[in-house]
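First to last, the sequence lines map onto chains A and Y. All the letters of the first sequence, read from the start, carry residue numbers 15 to 256 under this note's numbering. All the letters of the second sequence, read from the start, carry residue numbers 19 to 523 under this note's numbering.
Misleading hints may appear alongside valid ones.
Stated by the list, open to error - Okay, derived cross-link-like pairs now, DSSO-like style, lysine-lysine, Cα gap no bigger than 27 Å in a straight line:
no.	chain 1	residue 1	chain 2	residue 2
1	A	160	Y	437
2	A	160	Y	395
3	Y	444	A	51
4	A	51	Y	424
5	Y	122	A	194
6	A	16	Y	416
7	Y	122	A	160
8	Y	29	A	194
9	A	74	Y	511
10	A	211	Y	464
11	A	51	Y	494
12	A	102	A	51
13	Y	213	A	194
14	A	16	Y	503
15	Y	57	A	194
16	Y	464	A	102
17	A	102	Y	416
18	A	211	Y	43
19	A	16	A	51
20	Y	511	A	102
21	Y	370	A	102
22	Y	46	Y	122
23	A	16	Y	213
24	A	211	Y	46
25	Y	424	A	102
26	A	74	Y	416
27	Y	424	A	74
28	A	16	Y	437
29	A	51	Y	46
30	A	74	Y	437
31	A	160	Y	46
32	Y	416	A	194
33	Y	57	A	211
34	A	194	Y	444
35	Y	43	A	194
36	Y	511	A	194
37	A	51	Y	503
Hints in this document: simulated from the structure, not taken from any laboratory. Quantities reported herein were computed from a predicted structural model and do not represent experimental measurements.
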Amino acid sequence: MKVSLFITCLGDAIYPRVGEAMVRVLAQYGVSLEFPKLQTCCGQPAFNSGYWQEARASAKTILDAFEDSDFVISPSGSCTGMIHHYPKLFEADPVQLARAERLRDKSYEFTQFLVNVLGVTDVGASFPHKVTYHPSCHGTRLLGVKDEPMALMSNVRGLTFVPLPFAEDCCGFGGTFAVKMADISGAMVSEKVDHVKETEAEVLVGLDMACLMNIAGNLRYRGEQVRVMHLAEVLAEGAGLA
Amino acid sequence: MSAQKGKATVKERANLALNDEFLVKAVKFTTERLRNGKKNASAEHGNWDEWRERGRQIRLHTIAHLDYYLNLFVENARANGVHVHFADKGEDAVAIAMDIAQRKAAKTVVKSKSMVSEELHLNHALEQIGVEAIETDLGEYIIQLAGEMPSHIVIPAIHKNRYQIADLLSEVAGEKLEADTTVLAGFVRKKLREKFLEADIGMTGCNFAIAETGSMVLFENEGNARMVTTVPKTQITLMGMERIIPSFEDLEVMATLLPRSATGQKLTMYMSAITGPKRMADADGPEEMHIIIVDNGRSLQLGDPEFQELLNCIRCGACLNACPVYRHIGGHAYGSTYSGPIGAVLTPALNKNVAEWDDIANASSLCGACYEACPVKIPLHEMLIYLRRRKVETGNGKAVETAGMKGFAALTGSSAAMKAALAIGKIGQRLVVRGGEIRTRLGPLKGWNSYRVTPSLPRRSFRDRWERLDRELDAKRPPMAPDMKRRMEQIVKERGQGGGGHGGH
Numbered sequence: 015m016k017v018s019l020f021i022t023c024l025g026d027a028i029y030p031r032v033g034e035a036m037v038r039v040l041a042q043y044g045v046s047l048e049f050p051k052l053q054t055c056c057g058q059p060a061f062n063s064g065y066w067q068e069a070r071a072s073a074k075t076i077l078d079a080f081e082d083s084d085f086v087i088s089p090s091g092s093c094t095g096m097i098h099h100y101p102k103l104f105e106a107d108p109v110q111l112a113r114a115e116r117l118r119d120k121s122y123e124f125t126q127f128l129v130n131v132l133g134v135t136d137v138g139a140s141f142p143h144k145v146t147y148h149p150s151c152h153g154t155r156l157l158g159v160k161d162e163p164m165a166l167m168s169n170v171r172g173l174t175f176v177p178l179p180f181a182e183d184c185c186g187f188g189g190t191f192a193v194k195m196a197d198i199s200g201a202m203v204s205e206k207v208d209h210v211k212e213t214e215a216e217v218l219v220g221l222d223m224a225c226l227m228n229i230a231g232n233l234r235y236r237g238e239q240v241r242v243m244h245l246a247e248v249l250a251e252g253a254g255l256a
Numbered sequence: 019m020s021a022q023k024g025k026a027t028v029k030e031r032a033n034l035a036l037n038d039e040f041l042v043k044a045v046k047f048t049t050e051r052l053r054n055g056k057k058n059a060s061a062e063h064g065n066w067d068e069w070r071e072r073g074r075q076i077r078l079h080t081i082a083h084l085d086y087y088l089n090l091f092v093e094n095a096r097a098n099g100v101h102v103h104f105a106d107k108g109e110d111a112v113a114i115a116m117d118i119a120q121r122k123a124a125k126t127v128v129k130s131k132s133m134v135s136e137e138l139h140l141n142h143a144l145e146q147i148g149v150e151a152i153e154t155d156l157g158e159y160i161i162q163l164a165g166e167m168p169s170h171i172v173i174p175a176i177h178k179n180r181y182q183i184a185d186l187l188s189e190v191a192g193e194k195l196e197a198d199t200t201v202l203a204g205f206v207r208k209k210l211r212e213k214f215l216e217a218d219i220g221m222t223g224c225n226f227a228i229a230e231t232g233s234m235v236l237f238e239n240e241g242n243a244r245m246v247t248t249v250p251k252t253q254i255t256l257m258g259m260e261r262i263i264p265s266f267e268d269l270e271v272m273a274t275l276l277p278r279s280a281t282g283q284k285l286t287m288y289m290s291a292i293t294g295p296k297r298m299a300d301a302d303g304p305e306e307m308h309i310i311i312v313d314n315g316r317s318l319q320l321g322d323p324e325f326q327e328l329l330n331c332i333r334c335g336a337c338l339n340a341c342p343v344y345r346h347i348g349g350h351a352y353g354s355t356y357s358g359p360i361g362a363v364l365t366p367a368l369n370k371n372v373a374e375w376d377d378i379a380n381a382s383s384l385c386g387a388c389y390e391a392c393p394v395k396i397p398l399h400e401m402l403i404y405l406r407r408r409k410v411e412t413g414n415g416k417a418v419e420t421a422g423m424k425g426f427a428a429l430t431g432s433s434a435a436m437k438a439a440l441a442i443g444k445i446g447q448r449l450v451v452r453g454g455e456i457r458t459r460l461g462p463l464k465g466w467n468s469y470r471v472t473p474s475l476p477r478r479s480f481r482d483r484w485e486r487l488d489r490e491l492d493a494k495r496p497p498m499a500p501d502m503k504r505r506m507e508q509i510v511k512e513r514g515q516g517g518g519g520h521g522g523h
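Produce the complete structure using the sequences and hints provided.
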């Protein structure tokens with residue numbers, strides 16, 4: 015059984031601590047991950063901008079990297095969601111299309127794998143803090159990841175959960191959207207942070223570092239002290255694995 | 019026209035909206051009310067996703083056999099005594115309507131709400147030949163007074179608050195009207211009553227056209243469409259060629275989906291099905307009835323696998339109310355009759371001029387809220403990407419972006435190249451990192467850092483840390499519990515038998 019880690023480019027370059035937390039949580043259950051070094055980026059920035067030929071160049075590294083894997087686990091619903099677009103991306107190429115479909119069927123976002131495959135909803139963590147949660151759009155809407163993080167958080171000792179108002183509204187990241195439409199994106203992230211502040215939470219939790227980088231960026235810009243964490247980090251820290 | 023009309027790009031128009039505090043407040047207030055209404059109404063009705071799927075299937079089926087159902091509708095409508103006209107282009111529809119108005123020597127036309135009429139800019143054309151066109155839907159009446167386009171498919175004046183509306187109506191009244199919704203609506207009702215009585219022609223849109231009976235169906239809340247279709251002697255109905263549904267049985271599904279999705283109502287105050295002009299025994303109704311069936315770019319979607327589903331749209335506006343971008347910029351920023359996510363796709367698709375309209379396709383973070391809200395499940399968030407791709411494929415990509423994406427492909431096309439780039443980035447960032455953060459607004463970071471702080475690259479990437487981490491965990495990793503192992507093996511086995519696919523849509 016080959017279980018592979020799809021770290022995502024952001025997770026590799028900017029947030030190695032998230033991947034590490036995820037690997038430590040899964041190791042507790044005897045999951046031995048392998049890390050194929052061929053992987054780069056899922057290709058989403060190019061795909062979403064309409065540059066599909068360029069997106070295919072990145073996507074091929076992912077197809078190659080995980081060719082022999084049985085399960086592919088990533089700390090991002092959005093990047094896993096991108097893999098769900100691969101069959102469309104390669105629809106004109108029957109060989110790659112078959113590989114793309116295989117990869118899609120074996121790809122999981124971290125909480126999907128932990129809850130739905132391993133059957134774990136309580137990692138034995140304790141995290142005595144007031145926490146709010148931003149459900150990232152691609153994870154919830156493309157992959158249907160809704161109940162999994164809630165189940166995991168509800169079993170963390172001492173965690174006080176405060177619902178985020180307008181939680182389902184996009185944080186304004188949207189990849190190149192944040193650069194191309196900077197002012198619309200800025201208005202969206204500012205409103206998201208207003209809502210985070212309303213909850214008076216100490217920690218904002220999410221499942222996608224791109225969205226969290228966006229929200230954390232605005233929090234820091236405004237001098238707010240709210241801690242921003244991936245759920246894997248909360249679980250690892252809370253279970254004393256970090 | 020509003021100030022936004024003159025601006026060339028969605029970005030420029032959006033910036034005007036973002037800086038208009040009244041507009042943003044008004045749009046947020048009403049879209050919130052509508053989307054909460056929809057959420058509650060759909061939850062209360064239950065099995066909402068099944069209803070959506072049913073609606074989608076009806077629309078898919080109808081559009082796949084549009085030639086058949088359109089013929090059936092026309093045959094039945096003609097048998098009911100309706101004059102049916104076909105308009106290939108917008109200007110053809112305008113010419114037909116003007117011709118009828120001239121034959122009837124019409125001085126005034128009263129209109130109930132019609133997005134097709136807005137699409138054709140019909141009021142303007144009628145004015146040119148000296149026919150006064152009066153909008154009788156309250157929201158449409160307001161924007162007609164203001165000389166603007168609708169900024170929402172269902173709530174045309176969503177961008178105005180009651181003080182702005184009171185100012186507009188006070189001008190008509192010739193006295194200062196109180197900014198009280200009852201007072202304002204009362205004034206408009208009285209004013210319009212005179213117009214209904216003197217109008218020569220009543221003009222309507224069409225929510226659904228029923229093939230099996232040749233009926234046209236209108237959903238409304240103000241009763242103005244009832245007046246428009248009963249008082250004047252002549253009725254003209256404008257309908258997009260895709261408004262067809264096969265039968266009254268299908269209308270039940272649409273009547274379940276449309277009002278709930280649009281306003282959160284179980285049903286609008288009025289739902290009228292009109293089958294032909296006045297008959298001998300009827301107490302009221304027009305003596306002459308015309309239906310103008312408008313193509314205007316719709317048939318270009320037929321047979322296009324990526325955009326045909328656009329014709330499934332029932333114009334409920336739910337995607338606008340759910341859209342976080344629309345919420346901040348309102349409808350005029352989209353620069354066209356149809357706004358929000360549906361407008362961002364429909365406008366370029368109807369015009370088949372992706373190059374010119376591509377920029378509204380960029381005004382989306384692709385969050386998918388539109389798809390989730392859509393009562394007939396149109397994948398607008400995917401269509402936005404297809405539009406962007408078509409722009410690139412036809413050589414209309416922006417030079418800077420094209421070069422950037424080529425660079426992206428070169429870097430992410432190989433792990434060695436990406437690793438090298440990362441190493442350079444770590445050295446390069448020393449110029450701008452202060453206390454682990456990047457705050458400069460130079461170059462590409464200008465937009466991003468105007469609202470945020472950027473994290474710096476850590477000294478060691480995950481890739482650099484992996485071997486040590488893996489060794490550490492190897493030493494202490496417990497064996498996997500047998501039930502977990504069994505489950506994983508079972509999943510792999512089922513996948514091999516074609517039982518893959520989990521989650522997602």
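Violated constraints from the hint list, given by number and in increasing order: 1, 5, 6, 7, 13, 15, 16, 22, 23, 29 and 36
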